[in-house]
Amino acid sequence: MNNKLNICILGSTGSIGTQALDVISQHPELFEVYALTANNRYRELAQQARAYKPAAVVIANEAYYQPLKDLLLDCPDIKVYAGQEALNQIVEASPIDIVLTAMVGFSGLEPTVHAIRARKKICLANKETLVVAGELIGRLAQENRVPILPVDSEHSAIFQCLVGEGDNEIEKLLLTCSGGPFRTKTAEELEKVTAADALQHPTWDMGAKITIDSATLMNKGFEMIEARWLFGVPAEKIEVLIHPQSIVHSAVQFIDGSVKAQLGAPDMRMPILYAFSYPDRKPLNGPRLDFFQSRTLEFSEPDILKFRCLSLAYDAISQGGNMPCILNAANEVVNEAFRQGRCTFPQMADIIANTMSRTTFDATPTLETYFQTDAEARRIAAEAIDN
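Residue numbers for the sequence shown follow the working numbering, beginning at 934 and rising by one.
Treat each hint with caution, since some may be false.
Said to hold, decoys possible - Derived DSS-like pairs (lysine-lysine); straight-line CA-CA distance at most 25 angstroms:
| no. | residue 1 | residue 2 |
| --- | --- | --- |
| 1 | LYS1193 | LYS1215 |
| 2 | LYS1054 | LYS1215 |
| 3 | LYS1193 | LYS1118 |
| 4 | LYS1170 | LYS1239 |
| 5 | LYS937 | LYS986 |
| 6 | LYS1118 | LYS1215 |
Because the hints were derived from the structure by calculation, they are not lab data. These figures come from a predicted structure and were not determined experimentally.
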(Lines of atoms letter the chains of each structure in order from A and count residues from 1; the text may use other names and numbers.)
(Lines give C-alpha, C1' and ligand atoms only; values in the text may rest on other atoms or scores of the structure.)
Protein backbone atom coordinates (compact mmCIF):
# COMPACT_ATOMS: atom_id res chain seq x y z
CA MET A 1 0.00 0.00 0.00
CA ASN A 2 1.35 3.44 -1.01
CA ASN A 3 1.03 5.91 1.86
CA LYS A 4 3.09 8.64 0.19
CA LEU A 5 1.63 12.13 -0.01
CA ASN A 6 1.17 13.33 -3.61
CA ILE A 7 2.38 16.91 -4.04
CA CYS A 8 1.62 19.48 -6.73
CA ILE A 9 4.15 22.32 -6.91
CA LEU A 10 2.90 25.54 -8.48
CA GLY A 11 6.08 27.30 -9.58
CA SER A 12 8.50 24.39 -9.42
CA THR A 13 11.36 26.12 -11.27
CA GLY A 14 11.61 29.06 -8.85
CA SER A 15 13.62 29.31 -5.64
CA ILE A 16 10.97 27.76 -3.37
CA GLY A 17 9.99 25.13 -5.92
CA THR A 18 13.53 23.86 -6.46
CA GLN A 19 14.17 23.71 -2.70
CA ALA A 20 10.88 21.84 -2.23
CA LEU A 21 12.05 19.24 -4.74
CA ASP A 22 15.25 18.84 -2.72
CA VAL A 23 13.13 18.25 0.40
CA ILE A 24 11.09 15.64 -1.47
CA SER A 25 14.33 13.99 -2.65
CA GLN A 26 15.43 13.64 0.96
CA HIS A 27 12.18 11.84 1.87
CA PRO A 28 11.12 9.65 -1.06
CA GLU A 29 9.42 7.34 1.43
CA LEU A 30 7.01 10.15 2.43
CA PHE A 31 6.42 12.32 -0.61
CA GLU A 32 5.83 11.90 -4.31
CA VAL A 33 5.62 14.56 -7.04
CA TYR A 34 2.28 14.44 -8.84
CA ALA A 35 2.42 17.66 -10.86
CA LEU A 36 4.91 20.43 -11.60
CA THR A 37 4.17 23.83 -13.13
CA ALA A 38 6.16 26.79 -14.41
CA ASN A 39 5.45 30.07 -16.14
CA ASN A 40 8.13 30.37 -18.84
CA ARG A 41 11.05 28.09 -17.92
CA TYR A 42 10.04 25.10 -20.01
CA ARG A 43 13.56 23.68 -20.29
CA GLU A 44 14.00 23.58 -16.50
CA LEU A 45 10.49 22.15 -16.17
CA ALA A 46 11.37 19.36 -18.61
CA GLN A 47 14.54 18.56 -16.65
CA GLN A 48 12.54 18.38 -13.41
CA ALA A 49 9.94 16.17 -15.07
CA ARG A 50 12.65 13.73 -16.18
CA ALA A 51 14.09 13.61 -12.67
CA TYR A 52 10.85 13.28 -10.68
CA LYS A 53 8.49 11.56 -13.16
CA PRO A 54 5.28 13.45 -12.25
CA ALA A 55 1.95 12.46 -13.74
CA ALA A 56 1.63 15.91 -15.33
CA VAL A 57 3.41 19.17 -16.05
CA VAL A 58 1.84 22.53 -16.89
CA ILE A 59 3.51 25.49 -18.59
CA ALA A 60 1.45 28.64 -18.00
CA ASN A 61 2.76 30.41 -21.11
CA GLU A 62 1.02 28.60 -23.96
CA ALA A 63 3.75 29.66 -26.41
CA TYR A 64 6.02 27.05 -24.80
CA TYR A 65 3.57 24.15 -24.96
CA GLN A 66 5.01 22.53 -28.09
CA PRO A 67 8.69 23.03 -27.12
CA LEU A 68 7.96 21.44 -23.72
CA LYS A 69 6.04 18.59 -25.33
CA ASP A 70 8.94 18.00 -27.75
CA LEU A 71 11.43 17.77 -24.88
CA LEU A 72 9.29 15.11 -23.20
CA LEU A 73 8.45 13.04 -26.27
CA ASP A 74 10.28 10.05 -24.84
CA CYS A 75 8.31 10.33 -21.55
CA PRO A 76 4.82 9.27 -22.72
CA ASP A 77 3.57 8.74 -19.16
CA ILE A 78 3.95 12.46 -18.35
CA LYS A 79 0.95 14.49 -19.51
CA VAL A 80 1.80 17.97 -20.82
CA TYR A 81 -0.64 20.89 -20.50
CA ALA A 82 -0.51 24.65 -20.98
CA GLY A 83 -2.39 27.80 -20.01
CA GLN A 84 -4.19 29.31 -17.05
CA GLU A 85 -7.14 26.96 -17.21
CA ALA A 86 -4.81 23.95 -17.11
CA LEU A 87 -3.21 25.39 -13.93
CA ASN A 88 -6.64 25.76 -12.36
CA GLN A 89 -7.62 22.21 -13.29
CA ILE A 90 -4.42 20.39 -12.36
CA VAL A 91 -4.67 21.39 -8.68
CA GLU A 92 -8.09 19.72 -8.56
CA ALA A 93 -6.75 16.29 -9.60
CA SER A 94 -8.06 13.69 -7.15
CA PRO A 95 -4.70 12.00 -6.32
CA ILE A 96 -3.20 15.29 -5.05
CA ASP A 97 -2.90 15.64 -1.25
CA ILE A 98 -0.83 18.84 -0.99
CA VAL A 99 -0.57 21.92 -3.20
CA LEU A 100 2.54 24.03 -2.66
CA THR A 101 1.78 27.50 -4.01
CA ALA A 102 5.21 28.82 -4.94
CA MET A 103 4.20 30.99 -7.89
CA VAL A 104 5.24 34.65 -7.74
CA GLY A 105 2.70 37.46 -7.56
CA PHE A 106 -1.00 37.85 -8.31
CA SER A 107 -0.95 34.86 -10.68
CA GLY A 108 -0.99 32.52 -7.67
CA LEU A 109 -4.46 33.60 -6.53
CA GLU A 110 -6.73 31.79 -9.00
CA PRO A 111 -5.16 28.30 -8.83
CA THR A 112 -5.04 28.58 -5.02
CA VAL A 113 -8.78 29.26 -4.97
CA HIS A 114 -9.34 26.17 -7.14
CA ALA A 115 -7.13 24.05 -4.86
CA ILE A 116 -9.04 25.17 -1.77
CA ARG A 117 -12.39 24.41 -3.40
CA ALA A 118 -11.01 20.96 -4.27
CA ARG A 119 -10.15 20.58 -0.55
CA LYS A 120 -6.41 20.18 -0.96
CA LYS A 121 -4.01 20.97 1.89
CA ILE A 122 -2.36 24.29 1.02
CA CYS A 123 1.31 24.95 1.76
CA LEU A 124 1.44 28.67 1.11
CA ALA A 125 4.57 30.34 -0.24
CA ASN A 126 2.73 32.76 -2.52
CA LYS A 127 2.16 35.57 -0.03
CA GLU A 128 0.34 37.73 -2.60
CA THR A 129 -2.66 35.38 -2.39
CA LEU A 130 -3.36 36.54 1.17
CA VAL A 131 -2.21 40.11 0.53
CA VAL A 132 -4.72 40.51 -2.30
CA ALA A 133 -7.63 38.43 -1.01
CA GLY A 134 -6.92 37.39 2.57
CA GLU A 135 -10.50 37.66 3.83
CA LEU A 136 -11.91 35.73 0.88
CA ILE A 137 -9.22 33.01 1.09
CA GLY A 138 -9.76 32.63 4.82
CA ARG A 139 -13.50 32.24 4.34
CA LEU A 140 -13.07 29.68 1.54
CA ALA A 141 -10.58 27.66 3.61
CA GLN A 142 -12.98 27.61 6.56
CA GLU A 143 -15.97 26.62 4.41
CA ASN A 144 -14.02 23.79 2.79
CA ARG A 145 -12.18 22.80 5.99
CA VAL A 146 -8.83 23.20 4.27
CA PRO A 147 -5.65 23.79 6.30
CA ILE A 148 -3.36 26.60 5.10
CA LEU A 149 0.17 26.02 6.38
CA PRO A 150 2.71 28.84 5.96
CA VAL A 151 5.97 28.27 4.12
CA ASP A 152 7.47 31.76 4.47
CA SER A 153 10.18 31.45 7.13
CA GLU A 154 8.65 34.23 9.27
CA HIS A 155 5.13 32.81 9.24
CA SER A 156 6.38 29.29 9.75
CA ALA A 157 8.29 30.60 12.78
CA ILE A 158 5.15 32.20 14.23
CA PHE A 159 3.15 29.06 13.50
CA GLN A 160 5.74 26.93 15.30
CA CYS A 161 5.69 29.32 18.28
CA LEU A 162 1.90 28.95 18.51
CA VAL A 163 1.84 25.13 18.41
CA GLY A 164 0.60 23.96 21.81
CA GLU A 165 -0.57 27.40 22.91
CA GLY A 166 -4.27 26.72 22.31
CA ASP A 167 -6.37 29.82 22.89
CA ASN A 168 -3.71 31.72 24.85
CA GLU A 169 -4.01 35.38 23.92
CA ILE A 170 -1.39 36.97 21.69
CA GLU A 171 -0.21 40.43 22.67
CA LYS A 172 2.03 40.99 19.67
CA LEU A 173 3.55 39.26 16.66
CA LEU A 174 7.21 40.14 16.06
CA LEU A 175 8.14 39.82 12.37
CA THR A 176 11.87 39.88 11.83
CA CYS A 177 13.51 41.35 8.77
CA SER A 178 17.12 41.34 7.59
CA GLY A 179 16.72 44.94 6.44
CA GLY A 180 17.93 44.08 2.96
CA PRO A 181 21.11 45.37 1.30
CA PHE A 182 20.31 49.09 1.75
CA ARG A 183 19.45 49.39 5.44
CA THR A 184 22.52 51.53 6.23
CA LYS A 185 22.28 53.79 3.18
CA THR A 186 21.15 57.42 3.36
CA ALA A 187 18.16 58.78 1.48
CA GLU A 188 20.57 60.49 -0.95
CA GLU A 189 22.41 57.22 -1.60
CA LEU A 190 19.12 55.42 -2.26
CA GLU A 191 18.52 57.76 -5.21
CA LYS A 192 21.42 56.13 -7.04
CA VAL A 193 21.12 52.42 -6.19
CA THR A 194 20.47 49.97 -9.03
CA ALA A 195 18.64 46.68 -9.38
CA ALA A 196 22.01 44.90 -9.49
CA ASP A 197 22.83 46.44 -6.08
CA ALA A 198 19.44 45.39 -4.69
CA LEU A 199 19.81 41.79 -5.87
CA GLN A 200 22.81 41.30 -3.56
CA HIS A 201 20.78 40.13 -0.55
CA PRO A 202 22.96 39.73 2.57
CA THR A 203 21.52 36.48 3.96
CA TRP A 204 18.81 34.87 1.82
CA ASP A 205 18.93 33.29 -1.65
CA MET A 206 15.66 34.28 -3.32
CA GLY A 207 14.20 35.08 -6.73
CA ALA A 208 14.70 38.53 -8.30
CA LYS A 209 11.20 39.90 -7.60
CA ILE A 210 11.14 39.00 -3.91
CA THR A 211 14.74 40.19 -3.46
CA ILE A 212 13.78 43.66 -4.73
CA ASP A 213 10.73 43.60 -2.43
CA SER A 214 13.08 42.76 0.43
CA ALA A 215 15.23 45.79 -0.41
CA THR A 216 12.23 48.16 -0.36
CA LEU A 217 10.74 46.42 2.74
CA MET A 218 7.56 45.85 0.72
CA ASN A 219 8.15 42.15 1.27
CA LYS A 220 7.87 42.75 5.01
CA GLY A 221 4.73 44.80 4.44
CA PHE A 222 3.24 41.90 2.52
CA GLU A 223 4.25 39.50 5.29
CA MET A 224 2.55 41.73 7.85
CA ILE A 225 -0.70 41.56 5.83
CA GLU A 226 -0.27 37.81 5.38
CA ALA A 227 0.26 37.36 9.13
CA ARG A 228 -2.89 39.38 9.84
CA TRP A 229 -4.98 36.81 7.92
CA LEU A 230 -3.07 33.67 8.86
CA PHE A 231 -3.16 34.29 12.61
CA GLY A 232 -6.17 36.58 13.05
CA VAL A 233 -4.09 39.32 14.67
CA PRO A 234 -4.83 42.97 13.76
CA ALA A 235 -2.09 44.92 11.98
CA GLU A 236 -1.52 47.23 14.94
CA LYS A 237 -0.37 44.18 16.94
CA ILE A 238 2.19 43.13 14.31
CA GLU A 239 5.59 44.73 14.78
CA VAL A 240 8.51 44.60 12.33
CA LEU A 241 12.03 44.26 13.73
CA ILE A 242 15.20 44.74 11.68
CA HIS A 243 17.41 41.74 12.50
CA PRO A 244 20.42 41.58 10.13
CA GLN A 245 21.64 38.14 11.28
CA SER A 246 18.41 36.39 10.13
CA ILE A 247 18.69 33.90 12.98
CA VAL A 248 15.49 34.72 14.87
CA HIS A 249 12.95 34.05 12.13
CA SER A 250 10.08 35.63 14.08
CA ALA A 251 8.50 35.57 17.54
CA VAL A 252 5.24 35.77 19.47
CA GLN A 253 4.70 37.86 22.59
CA PHE A 254 1.88 36.70 24.87
CA ILE A 255 -0.24 38.67 27.34
CA ASP A 256 1.91 37.57 30.27
CA GLY A 257 4.91 39.26 28.64
CA SER A 258 6.69 36.06 27.66
CA VAL A 259 8.16 35.82 24.15
CA LYS A 260 8.59 32.62 22.16
CA ALA A 261 10.93 32.79 19.16
CA GLN A 262 11.96 30.30 16.50
CA LEU A 263 15.66 30.29 15.60
CA GLY A 264 17.60 28.52 12.89
CA ALA A 265 19.97 28.86 9.96
CA PRO A 266 18.57 30.84 7.00
CA ASP A 267 17.44 27.79 5.01
CA MET A 268 13.99 27.73 3.38
CA ARG A 269 13.94 23.95 3.19
CA MET A 270 13.16 23.70 6.90
CA PRO A 271 9.82 25.57 6.75
CA ILE A 272 8.96 23.73 3.51
CA LEU A 273 9.50 20.35 5.17
CA TYR A 274 7.62 21.42 8.32
CA ALA A 275 4.62 22.46 6.22
CA PHE A 276 4.69 19.16 4.32
CA SER A 277 5.09 16.93 7.39
CA TYR A 278 3.22 18.88 10.14
CA PRO A 279 2.65 17.97 12.95
CA ASP A 280 5.68 15.71 12.64
CA ARG A 281 9.29 16.86 12.37
CA LYS A 282 11.43 14.91 9.93
CA PRO A 283 15.23 14.83 9.44
CA LEU A 284 16.70 17.40 7.07
CA ASN A 285 20.23 17.58 5.70
CA GLY A 286 21.34 21.18 5.87
CA PRO A 287 23.13 23.85 7.89
CA ARG A 288 22.71 23.95 11.66
CA LEU A 289 22.77 27.02 13.88
CA ASP A 290 26.10 27.29 15.74
CA PHE A 291 25.53 29.33 18.90
CA PHE A 292 29.28 29.59 19.48
CA GLN A 293 29.68 31.49 16.21
CA SER A 294 26.39 33.40 16.32
CA ARG A 295 27.18 35.51 19.35
CA THR A 296 25.49 38.77 18.32
CA LEU A 297 21.77 39.26 17.76
CA GLU A 298 20.86 42.83 16.79
CA PHE A 299 17.37 44.32 16.59
CA SER A 300 16.25 47.80 15.53
CA GLU A 301 13.21 49.66 14.23
CA PRO A 302 12.70 50.00 10.47
CA ASP A 303 13.09 53.49 8.99
CA ILE A 304 9.69 54.02 7.37
CA LEU A 305 10.72 57.40 5.96
CA LYS A 306 13.51 55.85 3.89
CA PHE A 307 11.58 52.64 3.28
CA ARG A 308 8.11 54.03 2.72
CA CYS A 309 6.71 50.82 1.18
CA LEU A 310 6.35 49.30 4.64
CA SER A 311 4.13 52.15 5.83
CA LEU A 312 2.09 51.93 2.59
CA ALA A 313 1.36 48.29 3.43
CA TYR A 314 0.09 49.29 6.88
CA ASP A 315 -2.04 52.00 5.20
CA ALA A 316 -3.47 49.44 2.76
CA ILE A 317 -4.53 46.88 5.37
CA SER A 318 -5.93 49.69 7.54
CA GLN A 319 -8.20 50.79 4.67
CA GLY A 320 -9.08 47.19 3.83
CA GLY A 321 -11.34 46.24 0.94
CA ASN A 322 -9.43 46.01 -2.34
CA MET A 323 -6.68 48.42 -1.23
CA PRO A 324 -4.11 45.66 -0.54
CA CYS A 325 -4.87 44.35 -4.04
CA ILE A 326 -4.08 47.82 -5.43
CA LEU A 327 -0.89 47.91 -3.37
CA ASN A 328 0.22 44.55 -4.76
CA ALA A 329 -0.58 45.33 -8.39
CA ALA A 330 1.27 48.65 -8.31
CA ASN A 331 4.21 47.00 -6.59
CA GLU A 332 4.48 44.26 -9.22
CA VAL A 333 4.61 46.93 -11.93
CA VAL A 334 7.22 49.15 -10.26
CA ASN A 335 9.30 46.18 -9.15
CA GLU A 336 9.68 45.07 -12.76
CA ALA A 337 10.28 48.66 -13.91
CA PHE A 338 13.08 49.10 -11.37
CA ARG A 339 14.71 45.86 -12.49
CA GLN A 340 14.57 47.19 -16.05
CA GLY A 341 16.07 50.55 -15.05
CA ARG A 342 12.86 52.45 -15.90
CA CYS A 343 12.38 54.02 -12.46
CA THR A 344 14.53 54.81 -9.45
CA PHE A 345 14.42 53.12 -6.05
CA PRO A 346 12.56 56.01 -4.29
CA GLN A 347 10.15 56.40 -7.22
CA MET A 348 8.73 52.94 -6.56
CA ALA A 349 7.03 54.05 -3.33
CA ASP A 350 5.85 57.31 -4.96
CA ILE A 351 4.18 55.46 -7.83
CA ILE A 352 2.57 52.91 -5.49
CA ALA A 353 1.14 55.71 -3.31
CA ASN A 354 -0.17 57.52 -6.40
CA THR A 355 -1.81 54.33 -7.67
CA MET A 356 -3.45 53.71 -4.29
CA SER A 357 -4.99 57.19 -4.39
CA ARG A 358 -6.28 56.91 -7.99
CA THR A 359 -7.56 53.33 -8.34
CA THR A 360 -11.25 52.64 -7.73
CA PHE A 361 -11.78 51.62 -4.11
CA ASP A 362 -14.20 48.81 -3.19
CA ALA A 363 -14.83 48.11 0.49
CA THR A 364 -16.49 44.71 -0.15
CA PRO A 365 -14.67 43.12 -3.10
CA THR A 366 -15.55 39.79 -4.71
CA LEU A 367 -13.11 37.52 -6.52
CA GLU A 368 -14.10 39.18 -9.79
CA THR A 369 -13.47 42.60 -8.24
CA TYR A 370 -9.88 41.61 -7.48
CA PHE A 371 -9.21 40.83 -11.14
CA GLN A 372 -10.75 44.15 -12.22
CA THR A 373 -8.81 46.05 -9.54
CA ASP A 374 -5.56 44.34 -10.46
CA ALA A 375 -5.93 45.35 -14.12
CA GLU A 376 -6.89 48.96 -13.31
CA ALA A 377 -4.06 49.45 -10.81
CA ARG A 378 -1.47 48.01 -13.20
CA ARG A 379 -2.60 50.38 -15.93
CA ILE A 380 -2.39 53.42 -13.62
CA ALA A 381 1.04 52.44 -12.29
CA ALA A 382 2.38 51.77 -15.79
CA GLU A 383 1.16 55.17 -16.99
CA ALA A 384 2.94 56.85 -14.07
CA ILE A 385 6.22 55.16 -15.03
CA ASP A 386 5.92 56.14 -18.69
CA ASN A 387 5.16 59.78 -17.88
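Results of checking the hints against the structure:
{"no.": "1", "hint": "LYS1193 / LYS1215", "in the structure": "holds, 22 angstroms"}
{"no.": "2", "hint": "LYS1054 / LYS1215", "in the structure": "holds, 18 angstroms"}
{"no.": "3", "hint": "LYS1193 / LYS1118", "in the structure": "violated, 32 angstroms"}
{"no.": "4", "hint": "LYS1170 / LYS1239", "in the structure": "holds, 22 angstroms"}
{"no.": "5", "hint": "LYS937 / LYS986", "in the structure": "holds, 15 angstroms"}
{"no.": "6", "hint": "LYS1118 / LYS1215", "in the structure": "violated, 41 angstroms"}
The structure shown violates the earlier hints numbered 3 and 6.
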